[in-house]
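Peer 1: Listed below, chain by chain, are the residues.
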Amino acid sequence: MKVKMAISYPTVGASGRTGDWRVFRPVINQKLCIHCYNCYVFCPEGTISPELGVDYEYCKGCGICANECPSKAIRMVKEE
Amino acid sequence: MMAECVEEEETSVYVTGCEAAARAVIIAKPSVVAAYPITPQTEIVEKLSLFIGEGRHDCQFIAVESEHSALSACIGAASCGARTFTATSSHGLLYMAEMLYWAAIARLPIVMANANRALASGWNIWADHIDSLSQRDAGWIQFYTSTVQEVYDTILIAFRVAENEGVMLPVMVNLDGFLLTHINQPLRLVDETLYQEEFLDEINVPHALNLDSPHTLGTLISPSDNYRVQHDRKLGMERAKDVIKEAERDFLRLFGREYHPVMEYRSDDAEVLLLGMGTLAKEAEDAVDMMRFRGIKAGLLRLRQIRPFPDDEIIDAISRSPAEKLVIIDRDYSPGSGGILSQEVKTRLYDAGIVKEIVNVIAGVGGQDVSAEDMMEMVELERGEHWWGI
Amino acid sequence: MGDIIEIRFHSRGGQGGATAAKILGMAAFFDGKYSTSLSVYGAERRGAALISGTRISDTEIRRYSSIKSPDYVVILDPVLVEISDVTEGTNEDTIFLMNNGGECPLVLEDYILYSVDATSISLDLGLKVAGMPVLNTPMLGALARLGIVKQSSLKRAIRKIYADTRNIRASEMAYERVVKVQNRRSILEESEELEEEAYERLEEAV
Amino acid sequence: MSADKFKDRHGFWTNTIAREEYILKGNSSCPGCTAMIALRHIFKAAGPDTFVLVGACCAVVCEGVYPNTCMALPTLDTAFACTAAMASGVRAAVTDRGINVIAIAGDGGTVDIGIQALSGAIERNTDFLYVCYDNEAYGNTGMQRSGSTPFGASTTTTPFGKKEDKKDIAAIVGAHNIPYMATACPSYPMDLERKVKRALSIEGPKFLHVLTPCPPGWRISADKGVEVGRLAVRSCSFFLYEMENRELFMSKPSIDAMKNPIPLRDYLSVQGRFSRMSEEDMKLAQEKVNANIAYYREVCGI
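Chains as they are written, first to last, in full-length UniProt numbering: chain U, 1 to 80; chain Y, 1 to 390; chain H, 1 to 206; chain D, 1 to 302.
A portion of the hints provided could be inaccurate.
Short derived list, chain H residues pointing at chain Y, Cβ under 7 Å [as the list claims (entries may be wrong)]: (1) Leu38; (2) Arg62; (3) Arg63; (4) Tyr64; (5) Ser66; (6) Tyr199.
So these bits of chain Y aren't anywhere near chain D, every CB distance computed over 12 Å [to be verified]: (7) Glu198; (8) Leu252; (9) Gly295; (10) Phe309; (11) Trp388.
The hints are simulated quantities; they were obtained by calculation from the structure and are not laboratory data. Even for Gly, the Cβ is constructed at its ideal location relative to N, Cα and C.
Can you make the complete structure from the sequences, with help from the hints?
Peer 2: As structure tokens, this is what we get:
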């Protein structure tokens, strides 16, 4: 293409490593988990996989997952 | 009597500037036309909806609710790779202003006809170049036409210039309100097949949205990247200079009508040069002939485009003529500064180190009736700015 | 530059003055000439006075400014003589064509004046648009009689613009019925002619 | 739906959620942004054959900075006033009915500056889905009042609380006799997805009004957005319903809420933006809600 265009391509981390924004990190206690998938469904970032692993690279630590967890299986832990 | 009922295929017709514009658009086969009515452009929209409604051409006509939306719809369609056209005038153009810049920065080859008209307050529907000149920095290529034939031909040329892969910029074809939009003149039609096969390629917007490899157009952009994008738009505009000339050459070869960025009329040996745009500059040909008849060696330069500004052509034409006096007629005015066309020309003269006696005449503004006889008097004026008839 | 014939139409919105200018220009175009026609709208409202014009020439016309010294003035509505300046920019050679019964308004006493009753022609044919009699096509028929364009070209142009063939008939009827109006100018001319004739006869007798 | 499904072990989230993410992680949204939850599910429901338009709003900032974007769908960012008009243009160029055109805009871009273009696009029968995600203020510029800001809410331009009511955009759009229209809230994601799918199955203009609590703007903590959205519905401050061919269908969560609404105070008091509201205004606001409940009871025969 002769002309340079301001085309933006889909990128994971388009705004950088957003995990760095985090103050508290969600920690899932698999023993308490009842597999309701609330955390997966309500995560604004899509950083919790259906297999219930958290992508800490990009999780911003909002805490919705912990708040919406009916079995209190997710704890927000202060980042060291 | 039966024979009379069968229309022979016409090669020339007698139509208004608006109809000529609509006829040209249909030949270029856009797939989307979005427009909003405004005097004196309305007939273009009406004729286009008629032609599309008659099934002369398969095209979506979007009857939008405002000019801002007209251009927005064109931007939406062009971003998906469609050939688009819109038309407007005056307040409509200014209502579009935000999207004018948008279209140019997004590098979308939209073609638009603008019927030059004055701006309110005090409703005035007559010819004035201030609407389009106020948007000259928007990044659109701007043509100014002077006959019904030229309106038609220039729109045909515009699509090719806009869609050139090195240019990818929107083009505005200006025609003087009423003086061209509503005047009827003979119009020679082009051979549609020849145009479609030899002159205008299929449209290809390289950055068009697609499902196969999704991308986003128009995200936030950092100052340094924005700077680069703007610089590239400048390069596109510069490439347009040659692309326009090449298109005009091909147009001459295929259709036999000659256009140049600067149309010279008896200027080679002129002792006084008139300079202008649009219908005023066409009528000035009459003034030149009459002055020559009276023994005054007058000549004329008519600018067909103000963006990209034809620097080389204008300097070449001025330096080739022995004229010491340059009478620049502006159908526009920048309050607190002066005639816009005159400033544009003076800048180039300064850069080229040429000193002339420049007479800047503000005439025809707001549709003021200015004749060839008036122009004969304009050459008598002295250096500086003059408001004709005040 | 070439010689340009300039025709100015005075009409009121809805009477077809602007279309008259276009049809005349088209007829000239069919005659093989170059022509331009432009309507100068006051406001596009029914009833308002408006001016339109046609320029005809053998060569390209580069004029866009208003018609300042018309060769012909066509008045579609007799009322306009009272309310607008129909003689503006005219000279003693300007030819007037008026829609009326053949009487001469005071302001046109010193001009060459032709007349045709276009209103009656249209009413007889039942040729009406929005309840108003069509005036432009008969007036153009009369104008063709004055030799500006060929009648055949005019009919072709009318056919292009109007589907109603009664418009052609109206133009033909007006072509037949146009008359030169008796006014101060014609009487003067006539008396000059008579004087000349008398003089000639006298010379012959001597 | 080309997306492959995953099975949950308890059958709660039935296998209707597409696994694909069309908003990639690592974007610029604020932590706890419920608009992103909404958009995430809207695109999951729409699938990959979708052209997206994003008006000037928070979402456009969330996409990230050139040359990157979080949008994994072909996306056209638009100017403030013209999102719906550009969508008309996109739809004119993309005529295949199998491809969705979804326009996204905020409340300011919909109920204020963009309402003319929206009205025009609906009137022209543009075949598209227009989504207004409503955080009840101009969030991108730092929470100034919009036509969609509710009575009593303080914003940076209504520091002592807004005196006027929230513009009922859904009713305005409904007055266009639109083929399909719905309200939704990301606190009820399955309801939202179902409505998106229903909308996209219908030809013509569709409108979705989504209430999206905004943690910084509403002055709630980042983890409370979903909860507050639920309170909005349960207090009947916001109704979830669908409208098809002028017939209104109240959605299940709102039917339940209307039977036994929680006090409006429970919804407002958790938000910092209502902290300056007087007792009198609180009472007035509750009366307005009661009137709305009565109105919808009548309309839906509940």
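Peer 1: Would you mind marking each hint as holding or not holding in the structure?
Peer 2: Results of checking the hints against the structure:
For H:Leu38, the shortest C-beta to C-beta distance to chain Y is roughly 4 Å, which falls under 7 Å, so the interface hint holds. The beta carbon of H:Arg62 is positioned within 7 Å of a beta carbon in chain Y (closest approach about 5 Å), and the interface hint is therefore held. Taking 7 Å as the C-beta cut-off, the interface hint given for H:Arg63 holds, the closest approach to chain Y being about 6 Å. Taken as an interface hint, H:Tyr64 checks out: its beta carbon lies about 4 Å from the nearest beta carbon of chain Y, inside 7 Å.
The beta carbon of H:Ser66 is positioned within 7 Å of a beta carbon in chain Y (closest approach about 5 Å), and the interface hint is therefore held. Among the interface hints, the one on H:Tyr199 is violated; its C-beta lies about 40 Å from the nearest C-beta in chain Y, farther than the 7 Å criterion. Once the 12 Å rule is applied to beta carbons, Y:Glu198 is consistent with being away from chain D; the minimum gap is 26 Å. Taking the minimum C-beta to C-beta distance to chain D, about 33 Å, the non-interface status of Y:Leu252 holds against the 12 Å cut.
Consistency note on Y:Gly295: stated as away from chain D, and its beta-carbon is indeed over 12 Å from all of that chain's, at 58 Å minimum. Listed as outside the interface, Y:Phe309 is consistent with that label: its C-beta sits roughly 28 Å from the nearest C-beta of chain D, beyond the 12 Å cut-off. With a closest Cβ-Cβ approach of about 39 Å to chain D, Y:Trp388 is found to remain outside the 12 Å limit, as its non-interface label requires.
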